[in-house]
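Spelled out from the first residue to the last, the chains are:
Number of protein chains: 2
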Amino acid sequence: MAKQKKAPRPKAITPKGFRDYFGAEVSDRAEMLHQIAGVYHRYGFEALESSAVETVEALGKFLPDVDRPNEGVFAWQEFDENDTEGKRGDWMALRYDLTAPLARVYAQHRNDLPTPYRRYAMGPVWRNEKPGPGRYRQFYQCDADTVGTASMAADAEICAMLSDTLETVGIPRGDYLVRVNNRKVLNGVLEAMGLPEGEGARDNVLRTIDKFDKVGEAGVRALLTKGRLDASGAYIDGVGLSEDQAEPVLAFLTSKADDVSKTFENLRGAVGASAIGGEGIAELEQIGELLAAGGYGADRIEIDPSVVRGLGYYTGPVFEAELTFEIFDEKGRKRQFGSVSGGGRYDDLVKRFTGQAVPATGVSIGVDRLLAALREKGRMGGRATGPVVVTVMDRDRMADYQAMVAELRNAGIRAEVYLGNPKNFGNQLKYADKRNSPIAVIEGGDEKEQGIVQIKDLILGAKIAESATLEEWKERPSQFEVPRGDLVAKVREILDGQGV
Amino acid sequence: MAKQKKAPRPKAITPKGFRDYFGAEVSDRAEMLHQIAGVYHRYGFEALESSAVETVEALGKFLPDVDRPNEGVFAWQEFDENDTEGKRGDWMALRYDLTAPLARVYAQHRNDLPTPYRRYAMGPVWRNEKPGPGRYRQFYQCDADTVGTASMAADAEICAMLSDTLETVGIPRGDYLVRVNNRKVLNGVLEAMGLPEGEGARDNVLRTIDKFDKVGEAGVRALLTKGRLDASGAYIDGVGLSEDQAEPVLAFLTSKADDVSKTFENLRGAVGASAIGGEGIAELEQIGELLAAGGYGADRIEIDPSVVRGLGYYTGPVFEAELTFEIFDEKGRKRQFGSVSGGGRYDDLVKRFTGQAVPATGVSIGVDRLLAALREKGRMGGRATGPVVVTVMDRDRMADYQAMVAELRNAGIRAEVYLGNPKNFGNQLKYADKRNSPIAVIEGGDEKEQGIVQIKDLILGAKIAESATLEEWKERPSQFEVPRGDLVAKVREILDGQGV
Numbered sequence: 001m002a003k004q005k006k007a008p009r010p011k012a013i014t015p016k017g018f019r020d021y022f023g024a025e026v027s028d029r030a031e032m033l034h035q036i037a038g039v040y041h042r043y044g045f046e047a048l049e050s051s052a053v054e055t056v057e058a059l060g061k062f063l064p065d066v067d068r069p070n071e072g073v074f075a076w077q078e079f080d081e082n083d084t085e086g087k088r089g090d091w092m093a094l095r096y097d098l099t100a101p102l103a104r105v106y107a108q109h110r111n112d113l114p115t116p117y118r119r120y121a122m123g124p125v126w127r128n129e130k131p132g133p134g135r136y137r138q139f140y141q142c143d144a145d146t147v148g149t150a151s152m153a154a155d156a157e158i159c160a161m162l163s164d165t166l167e168t169v170g171i172p173r174g175d176y177l178v179r180v181n182n183r184k185v186l187n188g189v190l191e192a193m194g195l196p197e198g199e200g201a202r203d204n205v206l207r208t209i210d211k212f213d214k215v216g217e218a219g220v221r222a223l224l225t226k227g228r229l230d231a232s233g234a235y236i237d238g239v240g241l242s243e244d245q246a247e248p249v250l251a252f253l254t255s256k257a258d259d260v261s262k263t264f265e266n267l268r269g270a271v272g273a274s275a276i277g278g279e280g281i282a283e284l285e286q287i288g289e290l291l292a293a294g295g296y297g298a299d300r301i302e303i304d305p306s307v308v309r310g311l312g313y314y315t316g317p318v319f320e321a322e323l324t325f326e327i328f329d330e331k332g333r334k335r336q337f338g339s340v341s342g343g344g345r346y347d348d349l350v351k352r353f354t355g356q357a358v359p360a361t362g363v364s365i366g367v368d369r370l371l372a373a374l375r376e377k378g379r380m381g382g383r384a385t386g387p388v389v390v391t392v393m394d395r396d397r398m399a400d401y402q403a404m405v406a407e408l409r410n411a412g413i414r415a416e417v418y419l420g421n422p423k424n425f426g427n428q429l430k431y432a433d434k435r436n437s438p439i440a441v442i443e444g445g446d447e448k449e450q451g452i453v454q455i456k457d458l459i460l461g462a463k464i465a466e467s468a469t470l471e472e473w474k475e476r477p478s479q480f481e482v483p484r485g486d487l488v489a490k491v492r493e494i495l496d497g498q499g500v
Numbered sequence: 001m002a003k004q005k006k007a008p009r010p011k012a013i014t015p016k017g018f019r020d021y022f023g024a025e026v027s028d029r030a031e032m033l034h035q036i037a038g039v040y041h042r043y044g045f046e047a048l049e050s051s052a053v054e055t056v057e058a059l060g061k062f063l064p065d066v067d068r069p070n071e072g073v074f075a076w077q078e079f080d081e082n083d084t085e086g087k088r089g090d091w092m093a094l095r096y097d098l099t100a101p102l103a104r105v106y107a108q109h110r111n112d113l114p115t116p117y118r119r120y121a122m123g124p125v126w127r128n129e130k131p132g133p134g135r136y137r138q139f140y141q142c143d144a145d146t147v148g149t150a151s152m153a154a155d156a157e158i159c160a161m162l163s164d165t166l167e168t169v170g171i172p173r174g175d176y177l178v179r180v181n182n183r184k185v186l187n188g189v190l191e192a193m194g195l196p197e198g199e200g201a202r203d204n205v206l207r208t209i210d211k212f213d214k215v216g217e218a219g220v221r222a223l224l225t226k227g228r229l230d231a232s233g234a235y236i237d238g239v240g241l242s243e244d245q246a247e248p249v250l251a252f253l254t255s256k257a258d259d260v261s262k263t264f265e266n267l268r269g270a271v272g273a274s275a276i277g278g279e280g281i282a283e284l285e286q287i288g289e290l291l292a293a294g295g296y297g298a299d300r301i302e303i304d305p306s307v308v309r310g311l312g313y314y315t316g317p318v319f320e321a322e323l324t325f326e327i328f329d330e331k332g333r334k335r336q337f338g339s340v341s342g343g344g345r346y347d348d349l350v351k352r353f354t355g356q357a358v359p360a361t362g363v364s365i366g367v368d369r370l371l372a373a374l375r376e377k378g379r380m381g382g383r384a385t386g387p388v389v390v391t392v393m394d395r396d397r398m399a400d401y402q403a404m405v406a407e408l409r410n411a412g413i414r415a416e417v418y419l420g421n422p423k424n425f426g427n428q429l430k431y432a433d434k435r436n437s438p439i440a441v442i443e444g445g446d447e448k449e450q451g452i453v454q455i456k457d458l459i460l461g462a463k464i465a466e467s468a469t470l471e472e473w474k475e476r477p478s479q480f481e482v483p484r485g486d487l488v489a490k491v492r493e494i495l496d497g498q499g500v
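For the record, the sequence lines run as chains A and B. The first sequence lines up with residues 1 to 500 when you count with the UniProt record's numbering. The second sequence lines up with residues 1 to 500 when you count with the UniProt record's numbering.
Just to be clear, a hint being listed does not mean it is correct.
All copies of an identical chain are treated as equivalent in the list; a pair is satisfied when it fits inside any one copy or across any two copies.
Claimed, not checked - Result set (DSS-like, lysine-lysine): computed pairs, CA atoms no more than 25 Å apart in a straight line:
no.: 1; residue 1: K11; residue 2: K130
no.: 2; residue 1: K463; residue 2: K334
no.: 3; residue 1: K430; residue 2: K377
no.: 4; residue 1: K448; residue 2: K130
no.: 5; residue 1: K226; residue 2: K211
If you're looking for bench data, these hints aren't it; they were derived computationally from the structure.
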């Protein structure tokens with residue numbers, strides 16, 4: 001008889017494009033989202049957690065970011081239990097953002113929800129895309145939207161909230177700027193240029209403007225007219241406008257002046273007699289006034305027509321939060337940290353369900369980028385501190401050690417007893433090191449008899465080991481012998497000294 | 001030419017078995033998980049967030065709860081991009097619990113993780129099951145596990161942590177009990193009875209014991225022997241043991257005495273000379289000692305062999321947290337709230353990946369049940385309080401109203417300006433009502449001129465409206481006229497008076 005072949009062991013790996021998050025990666029993010037939720041709540045926004053799974057029908061195809069090569073979702077076909085002939089049911093999919101589910105929720109529950117409906121949502125979204133370095137198929141989004149009002153007060157409020165949020169999580173004033181633009185002003189410019197609506201010329205101009213951040217004023221001028229050589233030496237065709245025709249677009253993009261009233265004057269010049277352009281400028285003026293009334297000056301939020309991100313997607317005001325402090329990129333060059341959040345006003349999101357257009361405006365925070373920024377600023381995730389480790393010198397006295405950690409925890413101190421094999425004491429200290437423990441507590445038989453414990457300052461110990469030649473360090477004790485009754489107080493004292 | 005038919009509008013519904021969570025449902029849960037994470041962190045546990053998507057291969061089929069009719073997962077086949085001939089790739093699935101991913105993560109990262117590895121995880125899981133009333137296909141789990149140690153100190157620590165957790169989220173001591181049993185003791189009983197290992201007799205006894213909570217001592221006795229009539233009148237066959245044979249099982253289940261040393265004496269009687277049984281009792285004794293050393297007495301954690309939940313799944317200690325206060329069930333009968341958490345020691349979870357058995361112990365909190373319990377205790381989700389609503393009396397003075405909400409928010413008060421159509425003032429008050437607003441602020445042209453604002457106490461107003469005949473209420477003003485400069489102070493005073 002042939003031997004039965006054993007099934008091979010399963011591979012312990014995440015699916016391609018997915019990853020796990022450990023320790024401070026998880027708790028730092030949770031803490032940041034907790035702080036953001038606090039600000040949103042203070043602004044009257046209500047939490048919403050929609051299901052991660054939607055019908056493909058409800059989800060639709062509304063990925064705003066058209067640059068992505070593959071706008072796929074993770075989808076599967078439901079098995080229909082009522083049909084015994086093996087008929088399959090609806091297609092379901094994981095949500096790819098938090099906006100499409102908001103549209104579904106608002107359409108479904110609009111009679112029960114207040115109007116306007118202010119809601120925030122935080123959670124993972126999934127994209128069935130080719131993964132790349134730093135690009136995962138599951139990531140967090142954090143959105144706030146106001147549905148059901150065309151009032152510019154809703155847009156102004158979201159800008160103010162974004163400013164408050166950044167300061168609350170730890171980006172100081174002066175290190176960020178919320179910049180506001182308006183798609184209607186651009187439409188006015190295109191109208192003033194005599195470019196017809198619909199597919200074609202306007203879209204070409206929009207696509208070109210989108211490169212403003214990358215290629216700058218001269219680049220956009222070339223691309224709007226005859227074209228240009230790109231960095232690789234390839235020739236990029238131009239849109240074919242004359243220099244004169246291109247001028248209003250460039251005037252729009254560069255209209256920002258030191259004085260906001262001068263900015264508006266420039267914009268009025270760029271849109272000429274266009275009604276939609278005038279409307280856009282009036283909207284920006286309203287937002288400016290409302291923000292000024294709330295005490296939000298140009299040091300926090302400014303009107304800036306050079307904001308191009310999202311102009312192709314949004315229908316009215318567009319906002320972006322940029323972090324203005326400098327970091328070194330992977331090539332060692334200094335550059336601004338850049339955008340961590342964007343948003344704007346959009347229409348027709350709910351219309352596909354109900355037939356009625358519902359005005360809405362909202363903002364999305366790039367959770368991972370903001371976390372990275374906070375790490376850059378040293379506001380988060382320096383040396384993540386592990387627990388105080390109570391070592392086990394005598395396996396039979398586990399109860400004594402358990403009593404110690406209970407005392408420490410009751411005093412609010414993070415602490416654990418070593419639970420591995422206690423035979424080799426060196427392993428216990430290696431474990432404490434792997435855990436980033438600030439302190440190890442030791443109580444052998446002798447100490448027990450004398451009613452004392454040894455407390456080892458591991459952070460100081462590491463410093464001494466690093467700079468063993470420095471007399472200054474050598475003379476500082478990193479291990480203390482204290483009466484058992486003083487355990488908690490001494491640990492607290494050392495932790496305070498470590499600034500933990 | 002035929003008219004082009006428009007595609008029908010998509011239905012705005014969640015897929016069957018899924019639901020949305022609104023407002024306090026979301027924020028109460030987030031707050032509770034935040035508190036729980038705090039306790040776990042203090043105990044030295046590290047956060048882990050694994051991906052929601054796993055390969056079906058890694059996930060395996062390890063649903064612990066064998067009573068579920070359909071242990072399905074939501075799965076789909078990956079498209080293999082490297083194969084242009086339409087070949088499909090791996091099967092992927094949404095995780096159905098947090099334990100299977102822990103096994104995969106530990107196997108994958110074991111060289112980088114500390115040993116033992118204490119981790120907690122919180123998040124949604126998905127089950128492709130027939131939905132029912134109150135039973136959804138996406139729900140939250142909240143787990144803590146210690147992987148890589150056989151020490152009973154790990155089990156004791158988890159029981160202590162569970163006790164601390166319940167008190168931290170708002171279940172007072174005396175309203176809960178963590179009960180501990182041990183599968184090995186039961187194995188000892190079965191061994192003492194002479195029941196052979198492997199499929200068959202022992203499994204039948206285990207399945208019968210599982211009904212102890214439902215049918216009680218007499219019911220289990222009948223089911224172990226000749227069988228019994230169930231409530232519907234159907235005859236349920238018995239396991240076929242003699243009365244004498246059934247006795248040790250019943251002695252085990254009812255061995256709990258007022259004095260824990262008496263409980264242990266009873267258990268020793270039930271297991272007789274069985275080595276495994278003796279081991280189980282020694283483990284329980286160790287857990288008891290360690291907990292006593294940490295100050296956890298029988299008012300919080302007790303050894304109780306009548307805990308049967310999980311005995312079939314776990315391999316050593318088994319724990320369960322029960323809420324002991326009484327509630328009224330849907331039929332108006334008083335009953336104990338019951339279990340909100342369970343766990344125990346399990347082996348071989350990692351073995352399917354690595355071939356090596358790794359001991360582990362852990363606990364899972366029923367997030368939704370614990371939230372329901374907190375609501376029962378009035379610790380959460382009474383009248384969820386909405387924001388202060390600043391009404392709009394004059395559309396052109398939106399900036400004034402914006403300044404008011406900014407002042408209120410800067411003072412930490414939840415506030416919003418009315419953003420709907422302000423024409424009908426009644427609609428603004430209806431909106432405030434829908435938002436559960438505690439206060440409405442009113443500043444019309446006259447007030448503006450006089451430098452005052454009207455502040456309406458909506459909660460008091462509602463009380464007056466409810467009991468309009470009571471002179472007491474009538475005489476109390478529910479609307480106040482205060483100088484504009486006193487807005488924040490007066491709102492704060494009213495909120496404090498409302499106990500908000």
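**Within, between, both or neither, where K11 and K130 count as close if Cα-Cα is 25 Å or less** = within (21 Å within a copy, 30 Å between copies)
**Asked** Should K463 paired with K334 be assigned to within, between, both, or neither, using CA atoms and 25 Å as the limit?
**Response** neither (31 Å within a copy, 62 Å between copies)
**Message:** Please sort K226 with K211 into within, between, both or neither, judging by C-alpha distance up to 25 Å.
**Reply:** Answer is within: at 16 Å inside a copy they meet the 25 Å cutoff, but 82 Å across does not.
**Message:** At most 25 Å between alpha carbons: which applies to K430 and K377, within, between, both or neither?
**Reply:** neither (31 Å within a copy, 45 Å between copies)
**Item:** Within, between, both or neither, where K448 and K130 count as close if Cα-Cα is 25 Å or less
**Value:** Classified as neither; 60 Å inside a copy, 59 Å across copies.
When held up to the earlier numbered hints, the structure conflicts with 2, 3 and 4 and fits the remainder.
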